[in-house]
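Participant: We have chain A already, so just place chain G on it with the hints.
Heads up: the sequence lines are chains A and G, in that order.
All residue numbers for the first sequence refer to this note's numbering, where the first residue is 33 and numbers rise by one.
All residue numbers for the second sequence refer to this note's numbering, where the first residue is 33 and numbers rise by one.
Honestly, the hints are just simulated from the structure, not real lab data.
This one's a predicted model, so the numbers in the text were calculated from it and none came from an experiment.
Hints are not guaranteed to be accurate.
It does not matter which identical chain is used: a pair holds within one copy or between any two.
[Unchecked claim] Lysine-lysine pairs mimicking PhoX-like chemistry, simulated, CA-CA at most 25 Å apart:
| id | residue 1 | residue 2 |
| --- | --- | --- |
| 1 | LYS209 | LYS57 |
| 2 | LYS44 | LYS209 |
| 3 | LYS216 | LYS89 |
| 4 | LYS57 | LYS216 |
2 protein chains.
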Amino acid sequence: MLGNFVYANPTKLFFGDEAQKNLAKALMPFGKKVLLTYGGGSIKRNGVYDDVISALKSAGKEVVELPGVMPNPTVEKLNEGIKVARENNVDFILAVGGGSTIDYAKAVSVSAWYNGDAWQRFWVKQEDPTPGERIIPVGAVLTMAGTGSEMNGGSVITNHAARMKIGKVFGVDVMPKFAVLNPKYTFSLPQRQMVAGIFDTMSHILEQYFSGDDDSTSDYLAEGLMRSVIASSRVAVKNPEDYEARSNLMWSATWALNTLIGEGKPQDWMVHMIGQAIGAYTDATHGMTLSGVSVAYYRHIMRYGLKRFVRFAEVIWGVIPEGKTDEQIASEGIDALESWIKEIGAASEITSLGVTPDMLDRIADSTIILTGGYQTLDHAEIVDILRNSL
Amino acid sequence: MLGNFVYANPTKLFFGDEAQKNLAKALMPFGKKVLLTYGGGSIKRNGVYDDVISALKSAGKEVVELPGVMPNPTVEKLNEGIKVARENNVDFILAVGGGSTIDYAKAVSVSAWYNGDAWQRFWVKQEDPTPGERIIPVGAVLTMAGTGSEMNGGSVITNHAARMKIGKVFGVDVMPKFAVLNPKYTFSLPQRQMVAGIFDTMSHILEQYFSGDDDSTSDYLAEGLMRSVIASSRVAVKNPEDYEARSNLMWSATWALNTLIGEGKPQDWMVHMIGQAIGAYTDATHGMTLSGVSVAYYRHIMRYGLKRFVRFAEVIWGVIPEGKTDEQIASEGIDALESWIKEIGAASEITSLGVTPDMLDRIADSTIILTGGYQTLDHAEIVDILRNSL
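Bound-form chain A, shown alone:
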């Protein structure tokens, strides 16, 4: 049963192989000084940087560059961004990259004009900006599909010293004002990164799907997205330049995590909590930490949400129910998920990500335990799931 909720998502999306043509006009309503933030410089090799600079110029903007945003943006990098944004008194932040860069831009957006420890306030204490507090508006040019950061308020920051990787979901003021979604901008991404993004998308859907036992439109929408992601992933891993497949993967990623498919229902998110704890210890690619633990996690909780796992097996994987018990049907669904993880080349275990048996206890200690799923885990269960993921 759909509960009470508010849906509001004002991010304007420009989609398609000519989406960047809208960028200059989209920048117009905002101030003159733009902080341009991006990652390791791949955008300079694939032409995206040139497209963006050209749009910034034709919009008459003054540009301050802040490159070097790492895959799991750190507190130290956040502090650098705060300094640059303040010193230059920027009016707008344009993030060009994947989820890490966009997450980072949102983090700088809320932190720049706060006179205190932003990490403690927004991530550790999970506070929101107060009404009227200065927030620098953000825009995005997406170069990797998966995180959904382009149309939500999420921002994950990593504190290596504290072994903490924490996500914070901000409100509509912090969400990108617009996002340029050109599927061709993702063509030059290494295959491993593309696959990590595909599983990240799938995991976002699963985290919202495996919870609750109501009949909810949200779950039917989730099933539609999953079926599209699976179909397109099979095309894209064989031909990464298949525009149709990459466009579907990009669009699915956006809608998998912009709140739509989770409205009015409980949500799980424990795969992300375990994955983020692994990330805090290994700095492994986010999507791969999720695929690495998902099969063991779902095998563990299957018994607590059996009916939904049966539905998952039948609707998503076409498991034929005749002559089987619910447990068998549900298991075959998870088997199919595992086969698909291997088929697309996502990590099916966590040893290759740098996790060793001696780390498991500490990773479990660092895992934030949520209560929205079919079963609330204890420390021993998390260690078990991690051990079964080695």
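Facilitator: Using the frame of chain A, we list chain G on its own:
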């Protein structure tokens, strides 16, 4: 393949059985004088009117009432609204009702301060308001699920003298700023109206689904919505006060026509064109005109989009493909659609709506012919479809 498009939908939705508690706050940012528009007065019997007046009072608004919006709002009623809005110089229009009332509010919104024939300009000539032109902002309290008017820019107006019923889709400025979606507000609706809304929703999805032959995420989302609508409709026709089913039907109706499931693909909309032509001659309930012609229409175009009709049969209706030709599978899908129309009590023919054989030629004359579907119809084909719908 997803084409180039812009997605922007700023309408804020308050959903749930306590959604109206957000109304007073939602009204705050707008001016003092509110034009309150509604239909035949059913809202005074079911308590919705009292909830709305109480919110308007607590928001400190001055209210001008404009009741009597009819199911297919007319040009004459539009002209009355223009007069009332201008004379009172209202700051905001609050529509309380179903799609007709919200469509009407949008029509008044764009027309009130235009010094000319609004019907000719916006509906006949399909012009848009010019940038900077005065548009009165609109909000909605929904009491009937189906049209999707609460989260889009659509507005259908009927001109009986000219035998024309025309829809116009306005841009984001005309879309409701917010909508209150309380499923319980739909409980007191007569069953026939509920069913008409259910088929209207289904038809919106079908119009966007039966077009194009690409692999598109939009179609997978459409399939998710259809499966949810069908499941909930079967519960709701037996127990109209099943909150879960009515909430799913309300939410599905909104997402069926807020542009999402049509992004990046061609669309058909010929069932609506024929249905609207019938409406212009008979004033029949919109959703019933759609169900009355859908089966004959889809049987007619099936051969031109066979692959999609096969997919529809298998994914939506669970038709088993083994041992059948594509034509047989596709036909069984349309048969299943027909059975469902009868099961929920929607009109399965147009004779009961007041259509007589002598009208068919004139209805076909009044039908606007669109080219986005699997087959562009000519006059004779429309007459054929109408005859097969008698």
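Participant: Now look at each hint and say whether the structure bears it out.
Facilitator: Evaluation of the provided hints:
no.: 1; hint: LYS209 <-> LYS57; in the structure: both (13 Å within a copy, 23 Å between copies)
no.: 2; hint: LYS44 <-> LYS209; in the structure: both (6 Å within a copy, 15 Å between copies)
no.: 3; hint: LYS216 <-> LYS89; in the structure: within (22 Å within a copy, 53 Å between copies)
no.: 4; hint: LYS57 <-> LYS216; in the structure: within (21 Å within a copy, 43 Å between copies)
Going through the hint list in order, the structure satisfies each hint without exception.
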